[in-house]
Amino acid sequence: GIQVEQSPPDLILQEGANSTLRCNFSDSVNNLQWFHQNPWGQLINLFYIPSGTKQNGRLSATTVATERYSLLYISSSQTTDSGVYFCAVLSGGGADGLTFGKGTHLIIQP
Amino acid sequence: NAGVTQTPKFRVLKTGQSMTLLCAQDMNHEYMYWYRQDPGMGLRLIHYSVGEGTTAKGEVPDGYNVSRLKKQNFLLGLESAAPSQTSVYFCASSEAGETQYFGPGTRLLVL
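Taken in sequence, the protein lines are chains A and B. Quick note on numbering: the first sequence equals residues -8 to 101 in this note's numbering. Quick note on numbering: the second sequence equals residues 28 to 138 in this note's numbering.
Careful, some of the hints might be misleading.
[As the list claims (entries may be wrong)] In silico DSSO-like links for lysine-lysine, alpha-carbon gap of 30 Å or less:
| no. | chain 1 | residue 1 | chain 2 | residue 2 |
| --- | --- | --- | --- | --- |
| 1 | B | 84 | B | 41 |
| 2 | B | 84 | A | 93 |
| 3 | B | 84 | B | 36 |
| 4 | A | 45 | A | 93 |
| 5 | B | 41 | A | 45 |
| 6 | B | 36 | B | 98 |
[What the hints assert, rightly or not] Which residues of chain B face chain A? A few of them, derived with a C-beta cut under 7 Å, are:
| no. | residue |
| --- | --- |
| 7 | 60 |
| 8 | 66 |
| 9 | 72 |
| 10 | 75 |
| 11 | 85 |
| 12 | 87 |
| 13 | 88 |
| 14 | 124 |
| 15 | 129 |
In case anyone wonders, no lab produced these hints; they're calculated from the structure. Note that the Cβ used here is the ideal one computed from N, Cα and C, for glycine as well.
This is chain A alone, in the form it adopts within the complex (with noise of 0.2 Å):
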């Protein structure tokens, strides 16, 4: 089956850093979503981006599907964005459900 790694696998900022967060995959998709999951354990969507760009506030994300790459930038860190965040993929006739990566844990201190 396809194959996601993301990293790095954990990352430590202060409030106002930037980051990029990378998600690379080993086969074609017909979907790849980005989510956070909270302290609390809840997954909350953030991106559905199978190509291109998206932007919501201080949150981008980039897919190069011929790459098989996708890019999570998150802008002027906020300690509301610890967690960890997962990259997701659907590859095939899109009946089966999504393969994610093992996750970037991220921790932003005040």
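Following the hints, complete the assembly by docking chain B onto the known chain A.
Coordinates of chain B only, in the frame set by chain A:
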């Protein structure tokens, strides 16, 4: 519009007991999914459904059964719980190939 809801939020079982987790969605989505998340890992697909009355196996289906009798509900059953099934269970729904929306999760502890 509640989105995806899961019942119960937390449960403790003894080895060998059975239980059913309920997932409900009010977005009229055709596709529904059950995932499990273990510590330090991403989610893994247990079973999924592409429509009412249909189910299919995912990556880790052993020890679980599912049913989709109504379009808005997707049930996950554990017939004989084992400690290895201690996990957080997430339900999701979507249209084909589109954004998957996740419920809040059910924490299950099997002693």
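Here is how each hint holds up against the structure:
1. For the proposed pair residue 84(B) and residue 41(B), the alpha carbon gap of about 25 Å is at most 30 Å, so the pair holds.
2. Using a Cα cut-off of 30 Å, the hinted pair residue 84(B) and residue 93(A) holds, with the two alpha carbons roughly 22 Å apart.
3. Of the pairs offered as hints, the one joining residue 84(B) and residue 36(B) holds, with about 24 Å between alpha carbons and a cut-off of 30 Å not exceeded.
4. Distance hint between residue 45(A) and residue 93(A) is fulfilled; the C-alpha atoms sit about 23 Å from each other, no more than 30 Å.
5. At roughly 46 Å between alpha-carbon atoms, residue 41(B) and residue 45(A) are farther apart than 30 Å, so this suggested pair is violated.
6. Taken as a hint, the residue 36(B) and residue 98(B) pair is honoured in the structure, with Cα atoms around 22 Å apart against an allowance of 30 Å.
7. Checking residue 60(B) against chain A: minimum C-beta separation of about 5 Å stays under 7 Å; hint holds.
8. Interface restraint check: residue 66(B) against chain A, minimum CB-CB distance 11 Å, threshold 7 Å, status violated.
9. Because the smallest distance between the Cβ of residue 72(B) and any Cβ of chain A comes to about 4 Å, under 7 Å, the interface hint for this residue holds.
10. Taken as an interface hint, residue 75(B) checks out: its beta carbon lies about 5 Å from the nearest beta carbon of chain A, inside 7 Å.
11. Residue-level restraint check for residue 85(B) holds (minimum Cβ-Cβ distance to chain A is 6 Å; threshold 7 Å).
12. The interface hint given for residue 87(B) is violated, since its Cβ lies 11 Å from the closest Cβ of chain A, which is over the 7 Å cut-off.
13. Interface hint at residue 88(B): violated, since its Cβ lies 11 Å from the closest Cβ of chain A, which is beyond the 7 Å cut-off.
14. For residue 124(B), the suggested interface contact is upheld, since its CB lies about 4 Å from the closest CB of chain A, less than 7 Å.
15. A hinted interface residue such as residue 129(B) counts as satisfied when its beta carbon comes closer than 7 Å to some beta carbon of chain A; here the least separation is about 4 Å, so the hint holds.
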